[in-house]
Amino acid sequence: MNLLLLFDYIGTFVFAISGTLTAANKRLDFFGATMIGFVTAVGGGSLRDMMLGDTPVAWMRDLNYFWLIIAGVLVTIAFGKVVMTLKKTLFLFDTIGIAVFTIIGLKKALMMGINIPLAVMMGLASAVVGGVIRDTLCNELPLIFHREIYATACIAGALVYLLLNFLGMNEHACEIATVGSIITIRLIAVRFDIALPKIELKE
Amino acid sequence: MNLLLLFDYIGTFVFAISGTLTAANKRLDFFGATMIGFVTAVGGGSLRDMMLGDTPVAWMRDLNYFWLIIAGVLVTIAFGKVVMTLKKTLFLFDTIGIAVFTIIGLKKALMMGINIPLAVMMGLASAVVGGVIRDTLCNELPLIFHREIYATACIAGALVYLLLNFLGMNEHACEIATVGSIITIRLIAVRFDIALPKIELKE
Amino acid sequence: MNLLLLFDYIGTFVFAISGTLTAANKRLDFFGATMIGFVTAVGGGSLRDMMLGDTPVAWMRDLNYFWLIIAGVLVTIAFGKVVMTLKKTLFLFDTIGIAVFTIIGLKKALMMGINIPLAVMMGLASAVVGGVIRDTLCNELPLIFHREIYATACIAGALVYLLLNFLGMNEHACEIATVGSIITIRLIAVRFDIALPKIELKE
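Chains as they are written, first to last, in the numbering used here: chain F, 1 to 203; chain Y, 204 to 406; chain V, 407 to 609.
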């Protein structure tokens, strides 16, 4: 089985859990939670595919995404408190998720002949847009805009991928190194509480 | 004249009214109200068509939608208080609207070869996304995520449609039965104040 | 060099500045500001292209947009206070921006065979949707829905363009007259504090 696809499935499942947890905090009902779980998991990839014109969007062509998301929502509803004690596991899988979504978005855009900086942006969008829509629908300022190194880790990972690829490393090794570097950057950022500076307008 | 198209027009008109009423509550100006009327009426179908890749999106190919929405906005602005006293009529037409949008989304997705569960989701998206965008733009937690049986009625209707279709019932009868069952479910839910349980994370 | 393209570049640059200023007000971090700068600048055109089915969306096919947005964000972060003292200049360029985005959206839709009223809407969407997404992501009621003549100026400009075009005026003159009339309307509206009436529901 394709490594990237396996990681993609894991990321989808974990993103659905993260969406459901946010929805539970807002005291949404069962349907609301399922819907937030869905948009968190597929929002980024859908926007990427709609912007690139690769339609129907990816998750509509493989039913596994659907069942993984439903499973993520149900697991969270059934074992919510337990799920929340698994914070570190979730954090790790979530980081694997954004790493893989970044790589998938980047590769797809490059394959369609998009310029490198824009392909990096498509990778980033695949990884972060789901969470942005989740927070916006839940009527909150998107987490990613004001907390923690997150997008920065994705961009760094994308650059690692491009560099190793340019140096001729084989595809699988590139992917693993990218996922590894994104995890490392994010772990270091959280461990040492590193965040991007808030913007203050200067004279 | 095609029955589904007629219902589609009614739904579009009523959704434009619902958008304008929400905008008036937020004390938006005339343009704001018109824009909210538009996104409420066409948001769901547009997202569906962009995700499926059936572009230009449906309402750009038939000018009637445009005029129906303008009419819905103007009627609401001119006779707002009267419109609001027609609550039961609006409720009925709104329910017809979501029923028809569900059927249209479902049928279109099936015709494009999308898997059944995902086609049901496309039906649901056609019906509810307009209202979600309306509430998000008006800076409120989307109504549909925390109040009333609504999406559930759409999903049940979609299943009724699929079942009757599978049993070989003719197209028109399927559509009428679907609309009927969605109306019935929603009426019962409102009458007996049935709502989905809010999510509470369990041990 | 193409006049419309030059104005398009200016508009993109100024929209990125406006997004970054809003983000700074919300005390977002560097990444958040960049992302808001991007969606403000490309949101309208992206939605237009996704709805029309002209993909990959325009800004993914010309790397200049990317660098102009990055430049707009960096300039704002580096010289924020200075940028804010240039209010009148920003206002002028912003108005040029919406004027040009309106023309581009209108022309593109007409070329794709979209009906005139809907093509005007595509022009309007190109001009205003970026700002709407900016405000929604920053968790505020979109400015455009309740303040100032803005969309109205775009629509009036689109009609001027269509009229002059219909009268056989040459393309360049049409464009300049359109930009001029949008600037004039907006200046007059701001100078005399003209706004659309807020909606109040009538008996």
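Think of the hints as simulated: they come from the structure by calculation, not from any bench.
It is possible that some hints are incorrect.
Stated by the list, open to error - The list that follows gives simulated cross-link-like pairs (lysine-lysine, BS3-like), each with its CA atoms no further than 27 Å apart:
(1) Lys229/Y <-> Lys432/V
(2) Lys87/F <-> Lys229/Y
(3) Lys604/V <-> Lys198/F
(4) Lys290/Y <-> Lys487/V
(5) Lys401/Y <-> Lys26/F
(6) Lys514/V <-> Lys432/V
(7) Lys108/F <-> Lys432/V
(8) Lys284/Y <-> Lys604/V
(9) Lys26/F <-> Lys108/F
(10) Lys432/V <-> Lys513/V
(11) Lys513/V <-> Lys604/V
(12) Lys229/Y <-> Lys604/V
(13) Lys26/F <-> Lys432/V
(14) Lys81/F <-> Lys401/Y
(15) Lys198/F <-> Lys432/V
(16) Lys26/F <-> Lys229/Y
Just so it is clear, the structure is predicted and the values come from calculations on it, not from any experiment.
Checked hints:
1. A C-alpha spacing of about 22 Å is found between Lys229/Y and Lys432/V, which places the hinted pair at or below 27 Å, so the restraint holds.
2. Proposed proximity of Lys87/F and Lys229/Y is contradicted: the alpha carbons are some 39 Å apart, above 27 Å.
3. With a C-alpha separation of about 36 Å, the suggested pairing of Lys604/V with Lys198/F is violated against the 27 Å cut-off.
4. For the hint pairing Lys290/Y with Lys487/V, the CA-to-CA distance comes to about 51 Å; that exceeds 27 Å, so the pair is violated.
5. Distance restraint check for Lys401/Y and Lys26/F: the Cα-Cα separation of roughly 9 Å lies within the 27 Å cut-off, and the hinted pair is therefore satisfied.
6. Distance hint between Lys514/V and Lys432/V is unfulfilled; the C-alpha atoms sit about 35 Å from each other, more than 27 Å.
7. For the suggested pair Lys108/F and Lys432/V, the alpha carbons sit about 34 Å apart, so the restraint of at most 27 Å is broken.
8. Between Lys284/Y and Lys604/V the alpha-carbon distance is near 15 Å, which keeps this suggested pair within the 27 Å criterion.
9. The suggested pairing of Lys26/F with Lys108/F is violated, with an alpha-carbon distance near 35 Å, which exceeds 27 Å.
10. In summary, the hint linking Lys432/V to Lys513/V is not supported, as the alpha carbons are separated by about 36 Å, beyond the 27 Å threshold.
11. Distance hint between Lys513/V and Lys604/V is unfulfilled; the C-alpha atoms sit about 31 Å from each other, more than 27 Å.
12. A C-alpha spacing of about 9 Å is found between Lys229/Y and Lys604/V, which places the hinted pair at or below 27 Å, so the restraint holds.
13. With a C-alpha separation of about 22 Å, the suggested pair Lys26/F and Lys432/V falls inside the 27 Å cut-off, and the hint holds.
14. With a CA separation close to 15 Å, the supplied pair Lys81/F and Lys401/Y stays within the 27 Å bound.
15. For the suggested pair Lys198/F and Lys432/V, the alpha carbons sit about 9 Å apart, so the restraint of at most 27 Å is met.
16. Distance restraint check for Lys26/F and Lys229/Y: the Cα-Cα separation of roughly 22 Å lies within the 27 Å cut-off, and the hinted pair is therefore satisfied.
Checked against the numbered hints given earlier, the structure breaks hints 2, 3, 4, 6, 7, 9, 10, 11 and satisfies all the rest.
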